[in-house]
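Starting from the given sequences, assemble the full structure and let the hints guide the process.
Chains as they are written, first to last, in the working numbering: chain A, 4 to 292; chain G, 4 to 271.
Hints listed in this document are in silico derivations from the structure and should not be mistaken for laboratory results.
Positions of the beta carbon are idealized from the N, C-alpha and C atoms, including for glycine.
Please note: incorrect hints may appear among the correct ones.
What the hints assert, rightly or not - Here's a subset of chain A near chain G, in silico, CB distances under 7 Å, partners left out: (1) Asp198; (2) Thr201; (3) Gly206; (4) Ala207; (5) Gly208.
Claimed, not checked - Computed beta-carbon distance windows for the label pairs: (6) G:Val55 - A:Ile41: 57 to 63 Å; (7) A:Gly237 - G:Lys76: 49 to 55 Å; (8) G:Ser158 - A:Lys12: 27 to 33 Å; (9) G:Lys76 - A:Ser46: 53 to 59 Å; (10) G:Ile70 - A:Ile234: 42 to 48 Å; (11) G:Glu101 - A:Val271: 28 to 34 Å; (12) A:Gly197 - G:Lys13: 24 to 30 Å; (13) A:Phe7 - G:Ser158: 27 to 33 Å; (14) A:Leu275 - G:Glu160: 42 to 48 Å.
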Amino acid sequence: MKFFKTAWKNIRRSPYQAFAAIFIMTLTFLAFSLFAIIFYGSSEVVSYFESKPQVTAFFKDEAKEEEIDSLKNSLTESGIVSGTKFVSKEEALKIYRDQNKDDPLLLDLVTADILPASLEISTFVIDDLTLVSDTLQKSEIVEEVVFQKDVVSTLTSWTSAIRKIGVFVVVLLAVVSVFIMVIIIGIKVSQKRGDIETMRLIGAGSWYVRMPFIIEGVIYGLFGAVVGWLISYGILLYATPKLSYFLKGVPVFPLSPSFMFSLLGVEVLFALILGTFSSYFAVLRYLKK
Amino acid sequence: MIILENVSKKFGTGVYGLTNVSFTVEKGEFAFLVGPTGSGKTTIIRMLIREVMPTQGTIVVGNWNIIRLPGRKVPDLRKKIGVVFQDLKLLPDRTILENTYLPLELSGVSSKEAMKRAEDILGKVGILEHANKFPVQLSGGERQRSAIARALVLSPEILLADEPTGDLDDDTAWEIVNLLKEINEAGTTVLMATHNANIIKKLNKRIIKLNKGVLIGEKNDKDEEKPSASDAPEEQKEQEKKHEVHEHKKTEEKKESITDKFEQALKE
Numbered sequence: 004m005k006f007f008k009t010a011w012k013n014i015r016r017s018p019y020q021a022f023a024a025i026f027i028m029t030l031t032f033l034a035f036s037l038f039a040i041i042f043y044g045s046s047e048v049v050s051y052f053e054s055k056p057q058v059t060a061f062f063k064d065e066a067k068e069e070e071i072d073s074l075k076n077s078l079t080e081s082g083i084v085s086g087t088k089f090v091s092k093e094e095a096l097k098i099y100r101d102q103n104k105d106d107p108l109l110l111d112l113v114t115a116d117i118l119p120a121s122l123e124i125s126t127f128v129i130d131d132l133t134l135v136s137d138t139l140q141k142s143e144i145v146e147e148v149v150f151q152k153d154v155v156s157t158l159t160s161w162t163s164a165i166r167k168i169g170v171f172v173v174v175l176l177a178v179v180s181v182f183i184m185v186i187i188i189g190i191k192v193s194q195k196r197g198d199i200e201t202m203r204l205i206g207a208g209s210w211y212v213r214m215p216f217i218i219e220g221v222i223y224g225l226f227g228a229v230v231g232w233l234i235s236y237g238i239l240l241y242a243t244p245k246l247s248y249f250l251k252g253v254p255v256f257p258l259s260p261s262f263m264f265s266l267l268g269v270e271v272l273f274a275l276i277l278g279t280f281s282s283y284f285a286v287l288r289y290l291k292k
Numbered sequence: 004m005i006i007l008e009n010v011s012k013k014f015g016t017g018v019y020g021l022t023n024v025s026f027t028v029e030k031g032e033f034a035f036l037v038g039p040t041g042s043g044k045t046t047i048i049r050m051l052i053r054e055v056m057p058t059q060g061t062i063v064v065g066n067w068n069i070i071r072l073p074g075r076k077v078p079d080l081r082k083k084i085g086v087v088f089q090d091l092k093l094l095p096d097r098t099i100l101e102n103t104y105l106p107l108e109l110s111g112v113s114s115k116e117a118m119k120r121a122e123d124i125l126g127k128v129g130i131l132e133h134a135n136k137f138p139v140q141l142s143g144g145e146r147q148r149s150a151i152a153r154a155l156v157l158s159p160e161i162l163l164a165d166e167p168t169g170d171l172d173d174d175t176a177w178e179i180v181n182l183l184k185e186i187n188e189a190g191t192t193v194l195m196a197t198h199n200a201n202i203i204k205k206l207n208k209r210i211i212k213l214n215k216g217v218l219i220g221e222k223n224d225k226d227e228e229k230p231s232a233s234d235a236p237e238e239q240k241e242q243e244k245k246h247e248v249h250e251h252k253k254t255e256e257k258k259e260s261i262t263d264k265f266e267q268a269l270k271e
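The structure is reproduced here in structure tokens:
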């Protein structure tokens with residue numbers, strides 16, 4: 004408690020340095036939070052598309068039920084298909100009506116006859132989709148094949164790029180934060196060199212001298228983490244209606260509060276490590292034995 | 004209580020701060036460390052708390068062999084010895100009470116007990132009414148008393164006072180000396196470095212005389228002054244010669260530097 008009090012007093016007596024330290028930490032954790040949210044959101048979008056039927060075969064009107072069953076069985080027996088779902092003309096109409104229930108004009112014009120029956124097929128491995136698609140296209144009863152592989156692979160490559168950029172930016176900001184913290188704590192150690200010498204001469208041990216500086220670093224880290232997280236949560240809440248509209252039908256937003264609080268937990272841990280490391284490095288650098 | 008045996012200190016410049024100094028201060032004794040500026044008084048005090056290490060010799064303080072003491076034990080040694088520093092070393096951003104409280108905090112005394120003991124000692128040195136003031140708000144004598152209070156708050160068996168009357172007027176200096184005398188009478192061993200001849204003469208206590216880093220004599224309170232065992236005239240002369248050579252060298256270097264600058268200025 005006494006170390007905390009001393010650290011707090013040091014912070015209050017040099018508010019501009021404290022502000023600079025908290026500001027750079029906030030930037031680091033804001034970037035961390037935003038990239039974590041983007042990464043989590045995009046991963047959810049990818050897994051949504053991956054879990055959905057990845058190939059949809061629309062049948063010709065003359066296709067018989069036995070022929071469709073036969074095609075379905077041959078695909079199931081191949082061992083590469085994880086699931087199939089047959090959607091009859093009537094079911095297709097029901098789905099259409101559900102999707103357009105707010106637009107009576109669109110409902111009036113459509114009947115079950117004009118909607119094709121379809122078979123939705125998903126595979127265990129995304130690469131097998133091409134094989135399934137080729138097989139379906141060769142069948143005489145299939146009118147059209149809709150294939151989502153391109154969507155998924157584009158999303159996957161985007162997610163991967165975002166992850167790489169995110170890691171790079173966060174690591175860069177973390178390194179800059181450590182340097183700035185080392186400089187700020189170093190300045191404070193230099194300012195208190197006389198006091199430190201006196202304390203040592205009357206019996207203060209190394210840890211008694213170091214501890215307030217380390218706690219100061221931890222306080223900067225924690226402040227930065229909490230403020231950065233709050234800003235990112237604010238941005239997320241503000242953007243959620245727009246993002247939900249943009250990703251209509253993909254149930255990703257709003258993000259669950261449990262994800263955000265887990266993120267806060269990770270950031271607090273990261274802040275403790277970052278704050279402790281940088282201030283410990285500073286006291287080792289500027290406070291030789 | 005305090006033993007120095009053949010202690011020498013050679014500084015980085017090559018100058019000897021102390022040469023073969025040996026003396027003993029017994030438990031409960033009051034001794035003056037006397038000598039002009041630069042005679043090595045402060046160096047001895049700094050060695051006794053292991054702020055500096057001797058180049059050779061042995062130093063024992065209480066049960067601590069200063070030379071063999073491991074670095075991690077130094078804080079423990081310093082908690083056992085009260086020191087009134089020449090420049091006082093009061094922390095300017097802490098109140099007098101907080102300054103006095105600090106050694107207790109370092110020793111792990113509970114805050115309630117520490118507060119009580121700090122107030123008690125401030126009362127004893129007569130500055131309790133200034134407890135919540137900062138050092139800058141006090142007079143020289145009051146600051147000196149604050150430093151003494153801090154040195155005594157852990158009830159050390161040894162008190163080292165480095166020129167505690169240095170910047171004070173005669174009356175205040177006497178108040179401080181009388182305070183140290185009372186502390187000694189209560190059982191604390193006191194080693195006081197000073198060059199105030201008036202105080203030394205009137206107090207009539209043991210005197211350890213130094214000059215240019217050499218022990219030149221000792222006088223017990225009842226004895227006549229006697230030359231030190233290490234005070235061989237040749238040795239002193241040799242040390243003084245070393246000092247003079249160094250000073251001469253410094254003056255020559257200074258002269259050369261000024262001449263160089265002058266010549267350079269003329270060329271320009």
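Hints and how they fare:
1. Taking 7 Å as the C-beta cut-off, the interface hint given for aspartate 198 of chain A holds, the closest approach to chain G being about 5 Å.
2. Using the Cβ-Cβ criterion of 7 Å, the hint placing threonine 201 of chain A at the interface with chain G is satisfied: the shortest such distance is roughly 4 Å.
3. Restraint check, glycine 206 of chain A versus chain G: the minimum CB separation of about 4 Å is within 7 Å; hint holds.
4. Given hint, alanine 207 of chain A at the interface with chain G, holds; its Cβ is 5 Å from that chain's nearest Cβ, closer than 7 Å.
5. For glycine 208 of chain A, the shortest C-beta to C-beta distance to chain G is roughly 5 Å, which falls under 7 Å, so the interface hint holds.
6. Taken as a hint, the range 57 to 63 Å holds for the pair valine 55 of chain G and isoleucine 41 of chain A, whose Cβ atoms sit roughly 59 Å apart.
7. At roughly 54 Å, the beta carbons of glycine 237 of chain A and lysine 76 of chain G sit within the given window of 49 to 55 Å.
8. Serine 158 of chain G and lysine 12 of chain A have their C-beta atoms about 29 Å apart, which keeps the hinted 27 to 33 Å range intact.
9. For the pair lysine 76 of chain G and serine 46 of chain A, the supplied restraint of 53 to 59 Å holds, since their beta-carbon distance comes to about 57 Å.
10. Against the hinted window of 42 to 48 Å, the Cβ-Cβ separation of isoleucine 70 of chain G and isoleucine 234 of chain A comes to about 58 Å, which falls outside the hint.
11. Evaluation of the 28 to 34 Å hint for glutamate 101 of chain G and valine 271 of chain A yields a pass: the beta carbon distance comes to about 32 Å.
12. Between glycine 197 of chain A and lysine 13 of chain G the beta carbon distance is about 27 Å. The supplied range of 24 to 30 Å therefore holds.
13. One distance hint, 27 to 33 Å for the beta-carbon pair phenylalanine 7 of chain A and serine 158 of chain G, holds here, with the actual separation near 29 Å.
14. A hinted range of 42 to 48 Å holds for the C-beta pair leucine 275 of chain A and glutamate 160 of chain G, which are about 43 Å apart.
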